[in-house]
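Residue numbers (my numbering), protein chains in the order written: chain A, 1 to 262; chain B, 1001 to 1262.
A hint or two may mislead.
Under the rule of at most 25 angstroms between Cα atoms (straight-line distance), these lysine-lysine pairs were calculated in the BS3-like manner [said to hold, decoys possible]:
no., chain 1, residue 1, chain 2, residue 2
1, B, LYS1069, B, LYS1057
2, B, LYS1169, B, LYS1193
3, B, LYS1084, B, LYS1193
4, B, LYS1069, A, LYS69
5, B, LYS1057, A, LYS69
6, A, LYS57, A, LYS69
7, A, LYS57, A, LYS89
8, B, LYS1069, A, LYS57
9, B, LYS1169, B, LYS1087
For the record, the hints were derived by calculation from the structure and aren't laboratory data.
There are 2 protein chains.
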Amino acid sequence: MSIIMCQLLGMNCNVPTDICFSFDGFSRRGGQTGDHRDGFGIAFFEGRGVKLFLDSKPTIESSIAQHIKENPIHSLNVIAHIRKATKGKIALENCHPFIREMWGRYWIFAHNGNLESFEPTLPLHYHAVGDTDSELAFCHMLDYLYDRFGSHYPPLRPLTDAIKEISQKISSHGPFNFLLSNGEFMFCHCSTKLSYIVRQAPFTHAHLVDEDVTVDFGLVTTTKDRVAVIATEPLTDNEIWTPIVPGELLVFNQGQPITLDN
Amino acid sequence: MSIIMCQLLGMNCNVPTDICFSFDGFSRRGGQTGDHRDGFGIAFFEGRGVKLFLDSKPTIESSIAQHIKENPIHSLNVIAHIRKATKGKIALENCHPFIREMWGRYWIFAHNGNLESFEPTLPLHYHAVGDTDSELAFCHMLDYLYDRFGSHYPPLRPLTDAIKEISQKISSHGPFNFLLSNGEFMFCHCSTKLSYIVRQAPFTHAHLVDEDVTVDFGLVTTTKDRVAVIATEPLTDNEIWTPIVPGELLVFNQGQPITLDN
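Between the sequences and the hints, there should be enough to build the whole structure, so can you do that?
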């Protein structure tokens, strides 16, 4: 398994679901099956609120990561990230996901990739706190959206078009795979590498890549449940993950990618 | 002990210190010695980054609160809050402390009090996500500061004067006791009730109000350490806490209130 730079994990569901199985495998890449030792973070939306856990330690050494594995949090939208520092020192303020408020909602963002010569013009309002290219790109994206739509939350279609537009511009500086959520939608941009799977009835069992653990989703779900999991590298080895086409921005809602009307 | 509305706990130090002793007593007020059962939160600055833990459960039932007690986090600036809902439903997005970014730094805010007829003009930029008077006041304060100083972090004196000015205006709507920190300074505004203590060498022992626990700070400190603890109600019963004068805004740095040059 090739593992480069950071890794992303996202989940979008139609009923609040815990991410323990996926996070268990994913977190082993933070120092055990992968060398993403430079911090991690995971954000769970709960209504309009967010539980955000960050640590500059590797997941396999972090007591917070251990706590998350042992105390399932149910959420409709989750974004997690394990870091291998490229730009920006190892520090809490450089751990993804990042959080900002826009239009009276929290926005959560995590990035995989490495942007070169990315020096956006002076910020209009959103400033980076740390020194990563990722946080700078997130702030630039929010500035772009806020500048474009003003203080009112726009309809989904023009919002998605605008996110796609700014993502393409930023992608010209390097790989810009990201997960972005406001608690309602999960925007997933693939620049080089990102895959997803939608699990729904009839549920089967799944086996992790990173450790010999199998779960039978049929035992822990109802027939109405639908869960999309998005990751840099597939987390299971007995299911078919769909690679997102480079350059594509998918919008997930209620546990599946949605098609936007023109 | 009279316990009304929410309660605040803050810590400002000259060396990274854990807040376990104070948080242990404080958190018992979240459902045991007090009836602040409607959620809690605690934020630890680590450099420019923040570890923010929020839960809509009472502290005494929260696995996150338990985790924090068992896994000491060392920080120069900590803000904690236990909630008794007055305005705004019981929900994660209504738990204090709140976080926003301004001037490339995170700002953390928690409030004790109840504002009546507080309807600031439309926000310039910072919007509340939940429906508490507290978050609205925080956003209004940031808008006021950003509008006043633009995109540049001002010197401490004019910044403090501006915080005092907007705090006085908001206080006309009701009790507005708050703790505000950007990781460097801790701004403490007393509108009706807030006390502090500065612990430094020679350290003695301290005994909690809320449970029969004593700690000998002489055993866990060096002679250079200095720690200020700020709380709605004194946390110990064998030390002399200094009430902050209503209407006063104290600025703590390096473990003590500082005097600003004119």
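Structure-inconsistent hints, enumerated in ascending order: none
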